[in-house]
Amino acid sequence: MKIRRNKEIDPYDNGAFTTIPGPATRFFRKSIIWQIWRFTVLNIKIMRIVIGGHS
Amino acid sequence: MAQVVVLGAGISGHTAALTLKRKLGKKHNVVVVSPNKNYQWVPSNIWVGIGRMKSKKVIFDLAPVYKKQKIEYHQAKAVSLYPEGDAQNSKPFLKAKYTSKEKAGQEVTIEYDYLVNATGPRLRFDTTPGLGPEAGLVQSVCTYPHAEEAWENLKKVFEKLKNGEKQTIVIGTGHPKATCQGAAFEYALNIAHEINKRKLNKLADIVWITNEYEVGDFGMGGAYVKRNGYITSTKVFTESILAEYGIRWIKRAGVQKVDEKAVYFETLDGEKHELNYDYAMLIPSFSGINLPTFDKNGADVTAKVFAPNGFMKVDADYTAKPYEEWSGADWPSIYQNPEYKNLYAPGIAFAPPHGISKPMKSKNGTEIFPTPPRTGMPSGVMGKIVAENIADRIKKNTENHKHKASMARMGAACVVSAGYGFRSGLAATMTVFPIVQDIEKYPDWGRDIRYTVGEAGLAGHWVKLVLHYMFLYKAKAKFLWHLIPE
Ligand SMILES: Cc1cc2nc3c(=O)[nH]c(=O)nc-3n(C[C@H](O)[C@H](O)[C@H](O)COP(=O)(O)OP(=O)(O)OC[C@H]3O[C@@H](n4cnc5c(N)ncnc54)[C@H](O)[C@@H]3O)c2cc1C
Chain A
1 MKIRRNKEID
11 PYDNGAFTTI
21 PGPATRFFRK
31 SIIWQIWRFT
41 VLNIKIMRIV
51 IGGHS
Chain B
1 MAQVVVLGAG
11 ISGHTAALTL
21 KRKLGKKHNV
31 VVVSPNKNYQ
41 WVPSNIWVGI
51 GRMKSKKVIF
61 DLAPVYKKQK
71 IEYHQAKAVS
81 LYPEGDAQNS
91 KPFLKAKYTS
101 KEKAGQEVTI
111 EYDYLVNATG
121 PRLRFDTTPG
131 LGPEAGLVQS
141 VCTYPHAEEA
151 WENLKKVFEK
161 LKNGEKQTIV
171 IGTGHPKATC
181 QGAAFEYALN
191 IAHEINKRKL
201 NKLADIVWIT
211 NEYEVGDFGM
221 GGAYVKRNGY
231 ITSTKVFTES
241 ILAEYGIRWI
251 KRAGVQKVDE
261 KAVYFETLDG
271 EKHELNYDYA
281 MLIPSFSGIN
291 LPTFDKNGAD
301 VTAKVFAPNG
311 FMKVDADYTA
321 KPYEEWSGAD
331 WPSIYQNPEY
341 KNLYAPGIAF
351 APPHGISKPM
361 KSKNGTEIFP
371 TPPRTGMPSG
381 VMGKIVAENI
391 ADRIKKNTEN
401 HKHKASMARM
411 GAACVVSAGY
421 GFRSGLAATM
431 TVFPIVQDIE
441 KYPDWGRDIR
451 YTVGEAGLAG
461 HWVKLVLHYM
471 FLYKAKAKFL
481 WHLIPE
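Order-wise, the sequence lines are chains A and B. So that you can map any letter, position 37 of the first sequence is 37 in the numbering used here, and since no number is skipped, the others follow by simple counting. So that you can map any letter, position 95 of the second sequence is 95 in the numbering used here, and since no number is skipped, the others follow by simple counting.
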């Protein structure tokens, strides 16, 4: 993904003051092994908040 | 034999109807009244609006499912309610008008012992001049026909970009008090993804316009998430994603009007602005259906049953109080109408006691802030517990409501896809627990930080795909459907 923090962009544009993911974060976002792990974690969290939220 | 009537076959009503039939069996009658012949899995409309999914993949015919489940189905729209019956009939009933081709316009009277009003939102395009697909200016993705049309028009934008024409694309909230930011945000990310993929981003100015005080508020006052050793606000997370996708944003904006040329809005500082656009998708304000309601003498008692915004009054604390005094205890947990105890309103149909985000007013007196969202997962859970409580009342003859699901005790997951494809897709997953902050229980962050997540990755896309197929499977009431949680 191209980051719009280049010469064409106003350096005081609202996007200029944010955090932007670095190469490692972007790599892990698409890494199959890491994402299978995250998929498991997310599903467990979602299940717990669904089931734990009502009686 | 008891008769339970469910109005609406959306996420909440359909869940309620299937659960009721499963719990009540053959001895009692479950009736569904809903104007649309199809069930639609609304969250996937985003993929329809981006041309990634045909609408037939997000819908299915309700009649065969109800026939198999032995649920009586009327393709009709409820038009009035008589919770005490009338001079001729002492049993509560409602009147509905058929919308099916065969019987269009004919009226039917349906008696009930219990009524579940799960009619969701009324899309109030009329409250913002120029909004709505009917006016032909601004797109919507709130229903699948709207999403189809949004995609047809988006294709034209892609063509223009390919031909070297600059295009301004405005996505966000179309009313100063609109909600459902998550859906619009997801649509903005998907458009940006498609444009970036086609390498047309240099010519596209994509603008996220929102009534939130800060982006990432999502109508629930934002949330805090644990990331890389910091506790950060969803503002940081959301801004980062917008910037990464090349989307600029305008916050604290209450859209007041749209014409062929521009979107007109006021910001919280009281300034009036206009933003020229080539393509826009703006979420309208929502109200309830506000069913005219009459007592047995024919007197209009609508105001007893429905709040002024058309949503049904339930077991919430509606006492007007300032933001500082809002509490989780104000939120309903059984969705029962206090006036008529056999009326229930799960999902978007219930009247919230107040917002979740802090109310804000511009110096001109315009209220600009999101009203509270009621997303799919909680809507399904509410439908289920309402059905369980009604089944208990009928079968065990108890007035005790054992099953409870307050938004102040329940979590929500919002999976915002930002690209499609098993290996190339991406989604921002946000989970919060509980939806309504509970400062007494979680004094630091308002929520349980262990279950409040904000992260982007392929996993979120898989979650979204799994939810799509899993919930459609469940909604079709296929083998062991009831084991799939809401
Ligand atoms: C584009 C989009 C994307 C979304 N994405 C997500 C997401 O990713 N995750 C999430 O959790 N939530 C999401 N949501 C929110 C979610 O779709 C809603 O919370 C959910 O649909 C609410 O369920 P409901 O049953 O209350 O209302 P609805 O699903 O709107 O159902 C209302 C039903 O009532 C019927 N009805 C209306 N008037 C009458 C009448 N007079 N008589 C009888 N029946 C009537 C309607 O035809 C419909 O069948 C999204 C919403 C949109 C618009």
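Just so you know, these hints were derived from the structure itself, not from any lab. It is possible that part of the hints are untrue.
Below 20 Å or equal to it, Euclidean Cα-Cα: the simulated EDC-like pairs (lysine to aspartate or glutamate) are [as the list claims (entries may be wrong)]:
hint, chain 1, residue 1, chain 2, residue 2
1, B, Lys363, A, Asp13
2, B, Lys27, B, Glu111
3, A, Lys45, B, Asp448
B/Lys363 and A/Asp13 were given as a pair; does the straight-line alpha-carbon distance stay at or below 20 Å? Outside the cut-off at roughly 25 Å; violated.
Does the alpha-carbon distance linking B/Lys27 and B/Glu111 stay inside the 20 Å limit? holds, 17 Å
Pair hint A/Lys45 and B/Asp448, alpha-carbon separation not exceeding 20 Å: holds, 12 Å
The structure is inconsistent with hint 1 alone, although it conforms to all the rest.
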